[in-house]
Each structure stands twice: as C-alpha cells, then as structure tokens.
Amino acid sequence: MAELISYEQVDISYKGQRIVHNISFSLHEGEIMGIVGESGSGKSSLLRAALNMLGRDGLVTRGDIYYKGLDLPDLSPAEMQKICGSEIGMIFQHAGGSFCPIRRVGDQLQEILEAHGSPDQQENEQLACELLTRFGFDNPKRIIESYPFELSGGMQQRVAVVAAMLLRPKLLLADEPTSALDVTVQKQVIEEMLLAREIFGTAIILVTHNMGVVQAMADKMLVMHQGETVEQGLTASIMKAPSSPYTKRLLSAMPKLRR
Amino acid sequence: MSEILRVEHLKKIFPDRDRGDLLAVNDVSFTLKAGEKLAIIGESGSGKTTVARLVTRLLETSSGRIYLDGEDIAHAKGTKLKEAYKKMQMVFQSPIESFDPRLTLGDGIMESLLNHGLEKEAALAECQKLLSLCGLSREFAHRYPHEVSGGQCQRAAIARALAIEPRLLILDEATSALDVTVQADILELLQHIQKERNMAYLFICHDIALVQDFCDRVIVMHKGRIVETGTPDEVIQSPKEAYTKKLIDSVL
Ligand SMILES: Nc1ncnc2c1ncn2[C@@H]1O[C@H](COP(=O)(O)OP(=O)(O)OP(=O)(O)O)[C@@H](O)[C@H]1O
Ligand SMILES: Nc1ncnc2c1ncn2[C@@H]1O[C@H](COP(=O)(O)OP(=O)(O)OP(=O)(O)O)[C@@H](O)[C@H]1O
Ligand SMILES: [Mg+2]
Ligand SMILES: [Mg+2]
Numbered sequence: 001m002a003e004l005i006s007y008e009q010v011d012i013s014y015k016g017q018r019i020v021h022n023i024s025f026s027l028h029e030g031e032i033m034g035i036v037g038e039s040g041s042g043k044s045s046l047l048r049a050a051l052n053m054l055g056r057d058g059l060v061t062r063g064d065i066y067y068k069g070l071d072l073p074d075l076s077p078a079e080m081q082k083i084c085g086s087e088i089g090m091i092f093q094h095a096g097g098s099f100c101p102i103r104r105v106g107d108q109l110q111e112i113l114e115a116h117g118s119p120d121q122q123e124n125e126q127l128a129c130e131l132l133t134r135f136g137f138d139n140p141k142r143i144i145e146s147y148p149f150e151l152s153g154g155m156q157q158r159v160a161v162v163a164a165m166l167l168r169p170k171l172l173l174a175d176e177p178t179s180a181l182d183v184t185v186q187k188q189v190i191e192e193m194l195l196a197r198e199i200f201g202t203a204i205i206l207v208t209h210n211m212g213v214v215q216a217m218a219d220k221m222l223v224m225h226q227g228e229t230v231e232q233g234l235t236a237s238i239m240k241a242p243s244s245p246y247t248k249r250l251l252s253a254m255p256k257l258r259r
Numbered sequence: 001m002s003e004i005l006r007v008e009h010l011k012k013i014f015p016d017r018d019r020g021d022l023l024a025v026n027d028v029s030f031t032l033k034a035g036e037k038l039a040i041i042g043e044s045g046s047g048k049t050t051v052a053r054l055v056t057r058l059l060e061t062s063s064g065r066i067y068l069d070g071e072d073i074a075h076a077k078g079t080k081l082k083e084a085y086k087k088m089q090m091v092f093q094s095p096i097e098s099f100d101p102r103l104t105l106g107d108g109i110m111e112s113l114l115n116h117g118l119e120k121e122a123a124l125a126e127c128q129k130l131l132s133l134c135g136l137s138r139e140f141a142h143r144y145p146h147e148v149s150g151g152q153c154q155r156a157a158i159a160r161a162l163a164i165e166p167r168l169l170i171l172d173e174a175t176s177a178l179d180v181t182v183q184a185d186i187l188e189l190l191q192h193i194q195k196e197r198n199m200a201y202l203f204i205c206h207d208i209a210l211v212q213d214f215c216d217r218v219i220v221m222h223k224g225r226i227v228e229t230g231t232p233d234e235v236i237q238s239p240k241e242a243y244t245k246k247l248i249d250s251v252l
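Top to bottom, those sequences are chains A and B.
Sequential numbering of the first sequence, starting at 1, is according to our numbering.
Sequential numbering of the second sequence, starting at 1, is according to our numbering.
Keep in mind that the hints were calculated from the coordinates and are not lab data.
Computed from a prediction, not measured in an experiment: that's the story for all the values here.
There may be inaccurate statements among the hints.
[What the hints assert, rightly or not] Below, computed lysine to aspartate or glutamate pairings styled on EDC-like, alpha-carbon distance capped at 20 Å:
{"#": "1", "chain 1": "A", "residue 1": "Lys256", "chain 2": "B", "residue 2": "Asp216"}
{"#": "2", "chain 1": "A", "residue 1": "Lys187", "chain 2": "B", "residue 2": "Asp249"}
{"#": "3", "chain 1": "A", "residue 1": "Lys15", "chain 2": "B", "residue 2": "Glu147"}
{"#": "4", "chain 1": "B", "residue 1": "Lys11", "chain 2": "A", "residue 2": "Glu150"}
{"#": "5", "chain 1": "A", "residue 1": "Lys256", "chain 2": "B", "residue 2": "Glu147"}
{"#": "6", "chain 1": "B", "residue 1": "Lys246", "chain 2": "A", "residue 2": "Glu192"}
{"#": "7", "chain 1": "B", "residue 1": "Lys223", "chain 2": "A", "residue 2": "Asp138"}
{"#": "8", "chain 1": "A", "residue 1": "Lys141", "chain 2": "B", "residue 2": "Asp21"}
{"#": "9", "chain 1": "B", "residue 1": "Lys223", "chain 2": "A", "residue 2": "Glu150"}
{"#": "10", "chain 1": "A", "residue 1": "Lys256", "chain 2": "B", "residue 2": "Asp21"}
{"#": "11", "chain 1": "B", "residue 1": "Lys223", "chain 2": "B", "residue 2": "Asp21"}
Only chain B is shown next, with the shape it has when bound in the complex (with noise of 0.2 Å):
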C-alpha cells in the first residue's frame, strides 16, 4: 500500500518572551498509508491540534519533515499548497469556527467545488447531496452557521471536507457534538467512503472506544511527544507508559 503521509521529526515551538517558550510539539514522526485510519489520542493541551495545523499548513513548522503523497509540503506556499489541499482536507475542532459567518451553509461548501470547475447548478446538487449523506436535509444548505445545532454544525463541516474527495482527511474531534446514533451513522459514512475510495484518516479523538472500533492504529500524545503507538487493542489492553494506563483506567 502506498504511503499518503509522512511526518519526520517535527517540532512546534510557540516563541514566548515574557512566560518562555513553549514546545508544543516535540519531535513527532509517523506514516500514514492509503487507506488507512490512525488515530490521535492524549491528553487536552498535548499538542494533537497542533500537529493537524502543522500538517495542514496553518501553522508554521519550527523544524521537521511533512510529505504529502510523497511531496515535501513543510513550508509549500502558493500554487503547491492549492494542490496539497486538493488531497487533503481536514475538519476543525471548533467547527462554527471554520464557517464564514456571512456565508450560508450551501455557500461554504460550494465554495470548493466551484473553485473546482463546477457549474453553479452542479454544485447546489452536490452539496445537497453531501449533506443528505450527512444527515442533513436540502433545507440546510439555506442556513447560517449560527442558525443550526452545534452536530449540525459539525456535520455540515463534514459534508464540505469530504467535498472534493480529498484522499485523506483529518478529523480533529469531528464526532464530538453527535449523539451516538448520528455518530454511528457517520462512522458508517466515512468508513463506506474509505474503502470506495482508498481514503486515509487522520482521527483525533477523546473517545477511546470509539478509536476501537473505528481505527487501524493509534498514537498516544502527552506533552508534545508521542509515548506510545500500536492497534487499538494493543494499547488499551496491554498499554505500556504510565500515562496511557491512566488514560484507560478513566475511561467511563
């Protein structure tokens, strides 16, 4: 299978001259393969987010490798990272963040299948049928980022990453707002995509039965390292630092 991200030695450094600087992410490496689904866990403030916006570009790399597909895409500008973005695409934390709050729903995600050559009529048709795959009725694509539910929000960030069928998307905490049912019916989605499509996923996530059931492999974050990394079953069941016993042992 090939290889659709490699992350070598990366290292965050927020410059900070009255507190000290903070390392945020420390010397982070690891590869993801077509098709494959790895996912992120550790603890709040472990530097998860920050690796997303490092490998997305929203973020400037202090030091370290990224190689999207192959290309090295560590400091791509311009026209290179308008590419990058055709493969990849991610959904944010916050996802009523990541709307224009002047744009209805429909606008957002047309936005990238216009840019994408699309005729107008097109894209409204896709778009709709984005969200529908979503769990959103046509309605939606109406509405203003503030005019729906924080899973509906969530999900309509979804529905428009998932837009230009980039070949690997990264969810960072993107089933956080779903109840379970919706969540499952998500899921569901993603998974049917990946094997339609060979599409990878990068999935950063609190609930560690849902990476259970969900993910192929998974990295265990705690200040800005990585401390551990296996199947899911190897690090819930057999964890070996200290920290992810912890974790575990949490778990509700």
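Pulled out of the complex, with its shape left as it was, chain A reads as follows (with noise of 0.2 Å):
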C-alpha cells in the first residue's frame, strides 16, 4: 500500500534557530502513529510544518513532507487551502485559538462544511449535532448556540476535535487532542477517533504526553527529545523495552494510579 504522509529528513528553524533536526517517518492510511517527548522539542511545530502553518518566523530549512506524492512545504496557498480540512484535519494544541471569539460554535461549524460543498444548512445542523452527541455531549443544540467562551475548557477541545472531523479528512493531525478532559470523556474521544480510523481509514498523527493515550490508540510511536529522535519504532515494543536512556525515563516518570 502507498505511503499517505510521509516526512524525510525534515528540519525546522525559528528565526534562523533550528529546533526540529533530522526527523523522518512515514504512515499508511488507518495507521496511527503517536508522538511524544519533552516540552519544547518541537512535536506541534512538526505538524504545523506539514500545513505550512509555522508563522512569519518558522521554515522547514531542510527535507520533504509528501502527502499522496505532493511536497506540502511547496504548495501554494490556493493549493494548501484545497487539501487543509477536507484532506488533512488539524487539532491544535490550544483548542480555545481555533475559533473566532464572536461566532457561535454552530455557525463556525456550519460554514467549515459550506466552504466544503455542503450547502444544505438543516443537514449539515443535524450532522455536527450528531458528531458532537457522540463526543459526549447530551445536549448537542446548546453546544450549537454557545459562544466558545461559554464552554469549559474540556468543551472547547472536544468542539475542536469534531470540528477537525467533520470532514472526514483521511489524515488527521491531533496535537495534545485529549489533554483537556476527564477520563471518562476521553475514553469516549479515543473510542471514536478509533472508530473513525474503521470506518473512514483515517490515518492520525497524535502527538501526546499521555502515554496511557498512545498506548490505547497509536501502532507506532516516535519519541523525541530536543528536537531530535531518540527512538521510534512499534509502541508495544517501545513501551515494554525502551531502548534509549530517555524513553526510560519518560517511562519511570510517568504518574500510576494505585488502585
């Protein structure tokens, strides 16, 4: 089967600095890789590079991002608009900066499927009403009607989320996707990105610092350290024998509940 995203020898410089070194993967559609690491590394800068979303100061310095054979660091604006949502979805890290403040969330996600060919506005209601009962919420409509900063935190992400699913992108890029909620929505959340990956293919880029998160969802995983990779490689390998001094730690660090 081909490749649907993969990443060669990439490198990512902020004002000349570079931050990410040298990072090369690929994934197959329905395939989830997780990444994970130390704060700063440079995991959502790796996947803001692949929507050339990097802002004024960051560039990919070196390397190729091929998506369905395209190298998305060259597309054109036009070009990148056309594949960003419909093909590739993206969660960001701050749920909260993905919305326009002043727009109700049903509007917001009314116009992502407009923008998208569906013009039929009691369709497309009745579709985002759907994707959100099934990311947890028992009351879809108010969701619709609120403004984003009438919702928790936790909504605001979940919002996020359906709102990069929509669409039904064939690769989604998940950036700390679950960071914001209680563990039993989360697991609801897991469950349906896993699903989508059933039903859709959906392949996910997950970066995370929840290791119980990848363990659940990812194939394959990729730790990264300082802006380089120390290991990646199968999850279930990885997680029962790390092989790099870091991953180890990252491991031993990691909070176990006693029950």
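Join the two chains, each given in its own frame, into one complex according to the hints.
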C-alpha cells in the first residue's frame, strides 16, 4: 500500500535557529502514530509544518513532507487551502485559539461544511449534532448555540476535535487532543477516533504527553528530545523494552494509579 | 493549622433567556488549610474552572461566601481585591490567554514584581530566577507568548504566579501541557515551596494518578455539585459514588 504521508529528513527553524533536526517517518492509510517527548522538543512544530502554519518566523529548512506525492511545504496557499480541512484535519494544542471568539459554535461548524460543498444547512446541523453527541455532549443543540467562551476547556477541546473530523479527512493531525478531558470523556473521544480509522481509514498523527493514550491508540510511536528522534518503532515494543535512556526516564516518571 | 480558604454554599448561575439558565456551580462548600493540597477532579463541564474563577473574583458569585484568610471576599473590589491577590494567585487552564500578546513573558512576570515595589533590575533578576526554577533559560524572558511551546508557556505562567509569593495558589490544569519528566520537576518545586512557605494549593486536574501522588485531599465534582470527598486513597480505592467509580475505571 502506498504511503499517505511521509516526513523525510525534516529540519525546522525559527528565526534561523534550528529546533527540529532530521526527523523521518511515514504513515499508511488507517495507521496511527504517537509522538511523545520533551516539552519544547518540536512536536507541535512538526505538525504545523505539514500545513505551512509555522508562522512568519518558522521555516522547513531541509527535507520534504510528502502527502499523496505532493510536497506540502512547496504548495501555494491556494493549493494548501484545498487540502486543509477536507484531506488533512488539524486539532491544535490550544483548542480555544482555533475558534472565532465572536461567532456561535454552530455557525463556525456550518461554515466548514459549506466551504467544502455542503450547502444544505439543515443537513449540516444534523451532522454536527450527531457528531457532538458522539463526543459526549448530551445537549448538542445548546453547544451549537453557544459562543466559544461559554464552554469549558474540555468542551472547547471536543468541539475542536469535532470541527477537524467533520469533513472526514484522510489524515488527522492531533496535537494533544485529549489533554483537557477527564478520563471518562477521554475514553469516549479515543473510541470515536479509533472508529473513524475503522470506518473511513483515517490515519492519525497523535501528539500527546499521555502514554496511556499512546498505548490505547497508536500502532507505532516516535520519541523526541531536543528536536531529534531518540527512538521510533512499534508502540508495544517500545513500551515493553525502551532502548533510549530518555524513553526509559519518560516511562518511569509516568504517575501510576494505585488502585 | 490555620485556614486559608473557606467556601460556603457557593452558587453560580449563568443566566440565559433563550436556552434556560445554567446552574454551573451548585451549593459548593469546602475549606483549605495553610500548607494543604486539595484537588478538584471531575467531569468536563462540571464547574471546576468556574469555582476557581469565583474564588479569584474573575466571576461574580450568584450566592455563597468566600473567606480568604478569614476575610469575606465574595464581593471584594478595588483595594480589598488587590490585597487579596497578594495572598492568592491562579494559573489558568489556557496559559497563552493569560499573557498579554504584546508583552514579552519577562515583562508579564515582572509586572507584578514592579507593582510590588521592586526596582527594575531586581525584578528582572527575580524573574529570571523564577523562570529557571521552572526549567526555562533566562532567554525566555525576552520571548513573546506566541514564540514558545504550549508547555513552555504553561511554565512561564507558573513562574508568574509564584512571583509574589502567594499563600494560596490555584492551579487549573497547570501541568497538562508538560511531559512527565518536566511535570515531575515542577511538582517537586511546588512541593518544596509548600514546605518552605506553608503554601496551600487548589489543584484542578484530570490526571488522577498525579492527584494521588501530590494531594492530601480530593473533591469530586459532577454537574456543578460536590459528589464525594476524602483522601486520594479513600476516593480512588473505595469510591462511594457511581460517577467516581466510573471515573476511576476509565483511567488508562
Ligand atoms: N515563533 C517562534 N519563534 C521562536 N521560537 C519558537 C517559535 N515557536 C516555537 N518556538 C520554539 O521551538 C521549540 C519547539 O516548539 P514546539 O511548540 O514545536 O514544541 P512542543 O514539542 O510542541 O512542546 P510542548 O510539548 O511544550 O507543546 C520550542 O523550544 C519553542 O520555544
Ligand atoms: N462565561 C460563561 N457563560 C456561560 N456558561 C459558562 C461560562 N463559563 C462556563 N460556562 C458553563 O459552565 C459549565 C461549567 O464550566 P467549567 O468551565 O467550570 O467546567 P470545568 O469543570 O472546568 O470543565 P473542563 O474540565 O472541561 O475544563 C459548563 O457547562 C460551561 O458551558
Ligand atoms: Mg506543543
Ligand atoms: Mg476547566
């Protein structure tokens, strides 16, 4: 099977200072990869690089990121806009920042669907409500009518997940998608993401600090430290027998519940 | 041990004519002693952040009492509120929103130090010391909030909250963007400060294993109410409420 996305020896810099060095990995359709590692090691930057969202100061200075054969950093803004959302969905680490603060949640979800060729408002609302329900909202109508600031941190995060999954993208870039969720809701969100893989073959790059989430979701994983890969491979084997000292430290520092 | 915070029958209603009022916090009462670490856990949307914002007076209380160090601050304003903020600080759930985007992190942290009467040079030195305690090099003082990672911003927010040496620190998901090794360092720092200054923590957190390690007591919230309270071991090892059981069972 052909690769859906591949990072090949990618370097990223901000203001000429290199913060990510020589990262390579690839994903097939339906595959899930977890990226874990040090705070500040470049995980979010890796995801943003795929969508040309590194901002004014950031740049992919070496290597390529191919999506279905297209070199993403070389795409024009117009070409990128076509892919963004429908082919590749993004869940940002700071979920609140992905919404317009002065417009209702429902209108923003409508807009996403309309922009990608679904003009029927009633149908759109139904779809949005259905998805919101699956993500643990018992009163989706109320959510649709809310402004972002009227939602709790974890509610905003789930709405951001819904917004990214609404168009059933082939690839989901998920940056800490469950960090603001209590464990019962987290479980529900994980199940829904796994279901999307099952039904639509969605591939997911999952950035998280939560090893439990990696274990529950990711087929393979990549461990980052100071901008470089220290270890990558199958989740089960790394969890069982980590080879790098940093991974070992990470696994042993994980708080464990004493039941 | 003296009591630093007492909350009695706290209520918050978000009025809404179209959709019906929302009772976000419903009859919540608890106390926190000096030097104590109290956790609030519970469902997404159960009212944890709202409780924190009521206590810190960022939201107006619908009814109930809030005593900080014996003084009723439920409706405090102006100077009285300023005095309260010398004793109590908060780290917000989304740290990036709590920093002014036009100020460097250093200026944000130094603001409160300067207000406190420190000279500019002393304030900068103190700020860099705080940053380094939180695992950030001095260079971070010159960065803007959008120029750092999620976890780095969160650490800067903790540094700022510690700057004026409060007696009560409210941490709302304040370590959720940190990898576990950095998280362990930050908790060790908080532990150390707690011993040194007898500081109290109100620790809102979804990571129940972390709560078990770090906190003395835990409150479980569900739909605006406190449904259970006890030591972490009591609540985790023999939960009484159905919701608490479900919560413990869902830990990965
Ligand atoms: N706009 C910017 N200008 C300068 N440096 C930046 C900028 N954005 C990020 N950085 C730096 O790049 C590095 C990588 O940041 P990134 O956000 O990718 O880290 P991360 O692995 O996602 O961390 P976290 O786990 O804390 O979210 C960090 O050291 C950060 O300070
Ligand atoms: N400014 C507001 N206006 C209207 N409703 C609000 C406002 N702030 C919060 N709410 C509502 O109050 C309820 C409690 O929200 P709160 O932020 O306290 O939850 P939380 O327990 O902190 O959840 P999370 O774990 O997801 O952060 C939610 O239903 C939320 O939608
Ligand atoms: Mg990040
Ligand atoms: Mg909250």
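Results of checking the hints against the structure:
no.: 1; hint: Lys256(A) with Asp216(B); result: holds (17 Å)
no.: 2; hint: Lys187(A) with Asp249(B); result: holds (10 Å)
no.: 3; hint: Lys15(A) with Glu147(B); result: holds (10 Å)
no.: 4; hint: Lys11(B) with Glu150(A); result: holds (17 Å)
no.: 5; hint: Lys256(A) with Glu147(B); result: violated (33 Å)
no.: 6; hint: Lys246(B) with Glu192(A); result: holds (18 Å)
no.: 7; hint: Lys223(B) with Asp138(A); result: holds (12 Å)
no.: 8; hint: Lys141(A) with Asp21(B); result: holds (15 Å)
no.: 9; hint: Lys223(B) with Glu150(A); result: holds (15 Å)
no.: 10; hint: Lys256(A) with Asp21(B); result: violated (40 Å)
no.: 11; hint: Lys223(B) with Asp21(B); result: holds (14 Å)
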